[in-house]
Structure formats: structure tokens, C-alpha cells
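Those sequence lines, one after another, are chains A and B.
If you read the first sequence in full-length UniProt numbering, its first letter stands for residue 1, the second for the next number, and so on.
If you read the second sequence in full-length UniProt numbering, its first letter stands for residue 1, the second for the next number, and so on.
Since the hints were made in silico from the structure, they are not lab data.
Treat the hints with care, as some may be off.
Copies of the same chain look alike in the list, so a pair counts if it works inside one copy or between any two.
Said to hold, decoys possible - Keeping only pairs whose Cα atoms sit at most 27 Å apart, straight-line, the calculated DSS-like set for lysine-lysine is:
{"hint": "1", "residue 1": "222", "residue 2": "319"}
{"hint": "2", "residue 1": "271", "residue 2": "144"}
{"hint": "3", "residue 1": "177", "residue 2": "319"}
{"hint": "4", "residue 1": "177", "residue 2": "82"}
{"hint": "5", "residue 1": "82", "residue 2": "64"}
{"hint": "6", "residue 1": "138", "residue 2": "381"}
{"hint": "7", "residue 1": "144", "residue 2": "543"}
{"hint": "8", "residue 1": "381", "residue 2": "23"}
2 protein chains.
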Amino acid sequence: MYRAPIEDIRFALEEIAVMDGLKTTGAFPELSSDLTAAILEEAGKFANDELAPLNRPGDLAGCKLEDGVVTTPPGIREAYAKFVEGGWQGLQFPAEHGGMGLPRALGAAVMETLQSANMAFSLGPMLTFGTIEALIAKGSDEQKAMYLPKLMTGEWSATMQLTEPQAGSDVGALRTKAEPNGDGSWSISGQKIYITWGEHDCAENIIHCVLARTPDGQPGTKGISLFLIPKILVNEAGSLGERNSIRAIGLEHKMGIHGSPTCVMEMTNAKGWLIGEEFGGMAAMFIMMNAARLAVGVQGVGIAERAYQQALAYAMDRKQGRAPGADGEPPHAIIHHPDVRNMLTTMKAKIEAARAVCYCCAVAADEAEYEEDEEDRAYAKRREELLTPISKAWSTDIGVEVSSLGIQVHGGMGFIEETGAAQHYRDARIAPIYEGTNGIQAIDLVGRKLSMAGGAPLAELLEDIRQTVEDCSTSSNPELPKLARRLGPAADALEAAAKWLIEPGRDRSDMLAGATAFQQLAGEVTGGWLLCVGAVSAQRFLKMGEGDPAFAHGKITLARHFAETVLSQAPTALSGIQCGAGLLADDTALGA
Amino acid sequence: MYRAPIEDIRFALEEIAVMDGLKTTGAFPELSSDLTAAILEEAGKFANDELAPLNRPGDLAGCKLEDGVVTTPPGIREAYAKFVEGGWQGLQFPAEHGGMGLPRALGAAVMETLQSANMAFSLGPMLTFGTIEALIAKGSDEQKAMYLPKLMTGEWSATMQLTEPQAGSDVGALRTKAEPNGDGSWSISGQKIYITWGEHDCAENIIHCVLARTPDGQPGTKGISLFLIPKILVNEAGSLGERNSIRAIGLEHKMGIHGSPTCVMEMTNAKGWLIGEEFGGMAAMFIMMNAARLAVGVQGVGIAERAYQQALAYAMDRKQGRAPGADGEPPHAIIHHPDVRNMLTTMKAKIEAARAVCYCCAVAADEAEYEEDEEDRAYAKRREELLTPISKAWSTDIGVEVSSLGIQVHGGMGFIEETGAAQHYRDARIAPIYEGTNGIQAIDLVGRKLSMAGGAPLAELLEDIRQTVEDCSTSSNPELPKLARRLGPAADALEAAAKWLIEPGRDRSDMLAGATAFQQLAGEVTGGWLLCVGAVSAQRFLKMGEGDPAFAHGKITLARHFAETVLSQAPTALSGIQCGAGLLADDTALGA
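So that you can see chain A by itself, here it is in the shape it has in the complex (with noise of 0.2 Å):
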């Protein structure tokens, strides 16, 4: 049983990340909350009705290789279909290349209710959407006309093919090898790792973008391609011709999304083209990633929705016990037990904070995009820029987290799998590992994203931060004052980190070490604040009489429970991200 929040997520989207706001970039005319509001609505039911269901038998399931095929499980294949039929692939891309021309920020949401469903089948769709992106950015004409339509659709699926096993987060040292056909084509060999939705029977053709590198091409990332390499090889007149070498020789034993085929895929002088540049193969790897990474993240909100609807619906069916003062009465629903409504709350308050963090990533992503002018596309760019390793670390370690409270709302029934609860957090867990390990996410956050442009985006960020710190100070509510002397602390936490980490003649290797450290106080003051922007929206419909109270109530009690629990103890984080690179160095200490 999974319902979509609609609700909660039009607050996000609408009051938090103002997705309204891209209405001025003349760029989504038709954008109107009604709009949002009819989209929601289709994408739930496709998403509580279709995918849901398949969930658990999917699981069980799991796909099966033979001969170079992949079998989804039941049902998916229908349901892949519906989602093409219902033009979902290409929602968030402009309308010029067959999209909808609506923003990331709506199709991330779409994204949300899919992967919340199933995460396994959102997985195909997901890759797809980084090469549209990839191919949007880089391709050439004739491949855009080639690939965008049927992509666009869904009737043709895409990968992302990076790792082989030296290299995994180590991209550059890949030995996948392209050798030009002189021709304009390559031929390309070789073995690449963990592809998702590398073979499948869903879409009548999939399109490999597969990073290589050729003859001339350097060590190291500098020397690396991105290819395009199509399943079956596309005739000019676009209709489908040869099968080309390109195959699945394996798939992995996963701990979860059994129903996602993770595939070993070989090449053996596959027939492929050059995305962008010879040489600029990081460069496209990263529009992908980027768009992965917000999307990964988002499935980390997802599953964690799906954890906490269950464990929700669990805990007010279940009776055991009494709540304090009520001996001698009949049992009541464990909802009813302050330890189990604190575990409640916490998954609620973090699922929320997370799901603003990426739709205002998202929002910021449409914003760099399309702002008419070009000062306010690179700041929505620096605030992309830095909200996106948060985005897909703090979300995807929530994700983890909320499904294991879901289990622990269960009791014995969570570790049992019927009750779908352990599917959760098996499936959960790779999240902060792919796409970039959520490790690789902090050394970008603090490596890269902290001092690029002087510092600004974060910066910036504490601008906003302490823009809402005055609106709660001064708010007629006297709950918001207490958000207000949480957050202003959590952000002067948060300054002071950022400015020991990229302190001039800093060891790289302490700031190496602080890094995680430094990007989960991020997450938490970044989602803090961002539950705070939703409580001034909503202590504002209060005031004015609009909508329903009790959930601005719901939406001011989340942001408070977070504070006293979260955002209240940010002003300790700074030792353990100052500890550094020193007390790690000690083998014997490891036993290493």
C-alpha cells in the first residue's frame, strides 16, 4: 500500500522550493499550481495503482538472464508500457526536443511517487533521463533527431556505463577502449560493471552512453570519451537495424531492487559515436551525473516515504500495550506510545527535510537553466552546485535511516519479509553507495563546491538561512521564535565548519577527514532551515485563514520537532569535523 503524499508534496514544491517562481523565466507558460496539482494527482495513481503492487512481487521475483536476455518480473513490462503511454519519460524537457516542457523540479516530484512505488522499475526511467540530459548538452543534430524522440518517449530506454571493476570511484582508470572506424563510428571493447537497466525486455531498443577511451586518449579522466552505442544499431531512416555487440553476460546477486537488472555488460568492438568531444568525456559523464545524483537523492525521500507510510499504517493498527496513564484499559494502537510516535516523528520531520533539499536543488537547476538574466542563472547555478552532493548524500543516508525505524516500528514483524517493511531498507541501502558514494559526495561538497566562486554558495546559503531566522524571530507565533534559536546557531555551526575546512594552508587530508562529517551537518541545517521557510509559509495561511490549520499545525510541529532533535546539536558538530587526518592515521589502532 503506498499513497502518494500529494499534499505534502505540493507544500514542498510550492512553499518551499517556490517552484512558482520559474513562471517568471517566460520559460514554463503553462506552469500554473492547478497544473501541478492535475500532474501529482496522475503520477499518484500510476504510482499507487501500477507500480506499487509490483513492488514486493518483484522483489521476490528478481530478474533472470538467458542467452544475452533479461526478463523482468511480472508485470513490469506493462507497466513499462503504461509509463510510456502516459508520457511521464519526458515531463521535465523542453518541448522543442518532444518533452513537456515542464521543470526538473515537477518531474522530480513525478520522480518521487514512482521511486516511492518501486524503486527497482523508477530505475530504468531514471537512467533514461540522464542521457536525454547528456544528449540535450552535447550531442550533435543528427544524433539528437536520432535518439531525443524515441528516448523522449520511453519507448527506447538508456544506461549509464562508467565502472569496470578497477574502476569505481577511480573512473579514470578505466580500459574500455574505442578505436575509430574512420568512418566517424568507433569501435568499441571492453567490460563495464553495475549497469542498471543495462539489458532488459521493456523498451524495444536501449541507448549505452559508455565512457571509453581511445587511441590518443591520456591516463587518467583527461583521456576519457563518452560513446553512444545503441542495442540495436538505428538506420538512418530510423527504423532499427542490426543488433550490436553490445551484451549482457551477467547480473548481479543484489541485497535489494531484485526487480532493477544490474548487469555486467560486454563490448566486443561495438559499434558507437562520440557524445560531445573526443577528450570530454568527464564533462558529459557529469551532466548525467548530475542529474542522477538530484534523482538518486530523491529516491532516498521516496523509499523513505514508503517506510514511513507503512510503518505509519502499521502503528495505528497494532495494539499492544497502554499509553502512560491508561492501565486497565483495553490495548491501545502503539501510535499511542511516545517512543514509537518519536520514532514517527523523526522519520516524518527528516523525509520532509530531505524532499525540499532536493526540490529546491531541482528548482535551482531549472533557475541556472532558464533565468532570463545571466547574474541570476549563476547563482541558481552556485546554489545547484552546492545543493546537490547534499541532495543525494543527506537524502539517500535518510533513506537508510527512515527504513530502519521502519523496521523498528514493526518489532518482530519488520525483520520478518512478508511484511514488506525489510524490503525497504534492503533496497534503500545502495542508494548512498551509487551515483558516486555519498564519500565521493562530501570530498566534491567540501573539495570543490566550498571554495569555488569565493565561497558563495554557501555564503548565499547562510544569507537565506538567516533571512528565515529573523522571519521566525519576529513572527507573531510563539513557536517560531523557538525554530528561530535553533536554526541561527545551527547556521553560525555550519559558518564556522565551512571556514576551518578551506582556511588557507588547511591539510588537505583534515579536511579530507572532516568532510562527512562537515556534509551531514549541511544536510541537517540545509533540511532545518528549509522546515523553517515551511513554517513561516504556514504560520502565514494561519494568520490569513487559508487552507486546512491542522496541517500548517502538522507542517510548524515537524520543523520544531526537528529542531529540538536535530538542528539543536550543530553546535557541537564542529569537533568531530575538526579532528582530522592525525588520530586516523594510526594502523595498530585499526589492527590494520
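Let chain A serve as the given structure and place chain B on it in line with the hints.
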């Protein structure tokens, strides 16, 4: 691959928990450092060579139930026979009952190695421990004579049967009925769920300890009695007689510990005998339960240690990227990356902290039984009572956290089942649930243990902690005063939080709302304190030139890392504990 960490275990047992102090009780005349070392070596060998290799095969094969007969995974029967042969089951029980007469603390250390090697296997012996404890404390002389000898060797195993579908944490809701047969025996009927090792093919008999209600038993926990129900009835001469009507009718499909048969048990007029007094079921249960709670805490340590060893080995072997400042060199092992080292150091420090907490709890349990002086016994009992919920809950949370970090260290490989890291993560997740969920432990801690004996248990603990602050402050090694600077404020924070929770007039809901956060703080401060105790001891070795100085430095490093990253956070913990039930009362916030 698992290698019992004998040196680390001995350091925790002898230097931190000061097990040797038990010699003054006179109860353990043979206890010596050499004997401890010899027993741990032998247990380690059994764990490393016999049990560890069966861990993954057992996960894959699982248990089978056919016609009431449970078949354990290949190799488990033979391993169990060797366990019996080794005399491990009786290690920690008095010689007068057929045990080896060694401390529970040493038994806990032996169990840690078995639990690391094969958590699913170790659950069988763990349940037998509890029944032995209950029979020694509450059994009649005839029962002791009839059952203890075979339980003590492990030739017979035992179970603990509390849970029913409607009676989990709320034990008092159970419906299993016992009717007197008129000959001193009882006729018991009902169904129990989640019965660990409820049926299996390793022992020739199984002694079930079952909670049931007698005809005069009032509703709730006060009307409950504990019954001994042998799988096969035992004749007066001790030979096996008729099959009793208690049977496994189902096996649960669990996320982990697949090698452990978790049974649904049905009793239809099964023949049984009271253990202790009628209506004394809860008291008898708590004897089993307290032993089991500590054992489950040790399990958290064990599974975390196993996950750690695997992650460490991978990090030393896997080459990927270069450490800071080494551009252009061939790829380094990932252990040289600060973020990976940070994960490993966090894992190791938390394991050692949790191990120390559990072993101190075990030593306290031994002292509580064997100290000559009554006041000493009472003091030790208070310590045991305080440390039992902390050992159980904090260590099992660490089991989950560390096994999750273990996956993260592996990157993509961690999510692939063949690697084994995923199994630890799946296995570890049950420990925060069974033998009283960690939420139940938190209620026990704040609801009972904090206020017992006028608050003496915590006051005494704080006194010990402050002595260590003093010891560290005055050390000639400049690292130790740094420890004191974190430990002192952490102790103050713990004291302030406890004071707030049990203040006269404190609303019970507010207290319960803060229970889990307090429990976490109590674990962190206690664990951090014990690492500091270890550091003081290590410094003594360094000063006297005894032992391996690298080993001693390592212990100081781990204490420092824990102090900077965990203890340093204690001063802000109070707000999360204090936030109270008010912020949890909002149904709309939860979408409830």
C-alpha cells in the same frame, strides 16, 4: 574470513572490565590470565575454523521444515556436535551443576567469538544459557537433576517462549493456557511465535520454557507462570520417553539469520511442569531475559566486529585512486583515503566501546552473585541493572550502524550478496528488536533503573566516570587530558539529562518521549568513559615499558577519536531528550 580478536577482547576483559578482580570473591579459584588466554584461543579456533566458514552457506541454504522436523543448514549439526564436545555451553556455570565454574564475563567473551563467526548458529546456545540460568535460580531439585546436566553439555538445547501474535512487548496479553493434571504436571495449549531454535536437528532433546496462564491467573503479567515443556518427555531414570505434543508448525521467512530456525510453535495439551511458583512467571522470565539481553548486546558487538574485519580487509586490498598528495602514483589501497579511514576508525572505536560496556555488565553480574560482602553484591547488582539495557540497546544499534558502514566501505561490492557484507547488515538488524526492543530497553532504563535505590546506580556510575576524568587530567601523556576535556562535560550532560527525566512531577509521557535519546546518550558516555579507562591503562603500560607500545598507542587513539567525534556531542543532547510528548501529540503532522 574471521579471526577472533583475542588481544582486543583480553584488553577489554582484563584492563577495562577488570575481570581478574573476581578472584577476590573466592568463587573462581582457577581464574588466571593464562587460563583466560587459553580459553579464548581455543574458542577463537572453534569460531574461526568451524563456525565462520558455515556463515554464508547457512545464509543461502536456510532452514527447512517438513512434517514438524526442522533441518538446519549443511554442516551445522556437525558444528553443534563439536560445540558440545568442546564443553562450551557450561563454561560460565557453577561446577556443582556440571559447569566449568568460570565467570559469565569470560562466557560473554567466548560467545562474542561464536556470534561473530556465525550469528545464526550462536542463537541456539544463547537460548540454552537463559534456561540454565532460570533453572539454577528457580528450578526444583528434581528439575535441576533431570535437566541441568544435559543442558550444561549442550546435548539438549532450550528455548524461551514468550511471544504470541497479540503479545509481543505486551507480554501480559498472552493467551496460552495451562491446566493442572492433578499429578503435579500441567497440560499446556496455545501458540507461540518467533521461537528461536524452537525445533532443529542438532540436539537430542529440546527443553522449552513457556509462559502461560493458569486457570487462577489474573489478566496481565501478574497471572503468568513459567512452564518447562520437554520436546521429548524424560523418564525418571533420565532416558528419553514419549514425544510431547509441542511442535513447530511454521518457519518465518526472515531478512537475516537464515541459519537460525525461527519457529511458530503449537502446543496441544503438551505436558509441562512449573518452574518456580505459580504466577511467578515474570520473575523467572526476567532471569532468562536479563541473561539474554546481555547476550544480545554482545551479539551486536560480535556482528559489528565481523563486519569490521571484512571491511578492513577489503580496504587494505582494494586499490582505487590516490591518497592526498600522491597524484601520479599507482592506485593506493582505499584505506589510505581519509574518509575510508574515518569510517574504519569509527567502526573500531564503537565496537571497542560497546564491547567494554557489555563485559563490564557481565563482570557486574558475576560480582552481584559472588562478592562475599552483601553491600558489594548490592552495589554490583545496581551496576548490572543499569548496564543491562544500555548493553543491549546501545550495542545492537552499533551492530546495525557498523555493519552499514561495512557495506559503505565496500562501495558497490557491499551491495552484492557474494561479498558477505550485506549478510552482516541483514543479520544485525534483528538484534535491536528481539529480547525486548530497544525502545523497551529505554523505558526500562529511564522508567526503572534511573530511579531505583534513590538514583544510586547512575550516581555511582558518574562517580566512577569522574574518577577517570581525574586520572586522565593528571596524566603525563598530553593525549589524556584531551580525553578528560571531552569526558567531563559528557558526564555532566548525562547527569543533567537524568535529573530532568526523573524530576518530581515529571509527566510520564514526557519522560518516555525522551527515553531513547537518553539511552543513546547513556551508551555514548558509558562507552566513551570505558575507552578512557582503557587509555589510562594503556598509558600505564607505556610508562612501564610493558607490552606492545603500538597496541597501547592504538587504544589511546581510538579513545581520542571517540571522544572528539562522539563524546563531544553530549553537551547538546539534552534538548532532544527534553523536547517532550507535546511535540509528538500532533496527529496531522504524522498524517495519522
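Verification of the hints:
1. 222 - 319: between (61 Å within a copy, 20 Å between copies)
2. 271 - 144: Close inside one copy (18 Å), not across copies (78 Å); limit 27 Å.
3. 177 - 319: Answer is between: at 21 Å across copies they meet the 27 Å cutoff, but 61 Å inside does not.
4. 177 - 82: neither (38 Å within a copy, 54 Å between copies)
5. 82 - 64: Answer is within: at 22 Å inside a copy they meet the 27 Å cutoff, but 40 Å across does not.
6. 138 - 381: within (18 Å within a copy, 71 Å between copies)
7. 144 - 543: neither (51 Å within a copy, 73 Å between copies)
8. 381 - 23: within (18 Å within a copy, 69 Å between copies)
Consistency note: the structure conflicts with the earlier hints numbered 4 and 7.
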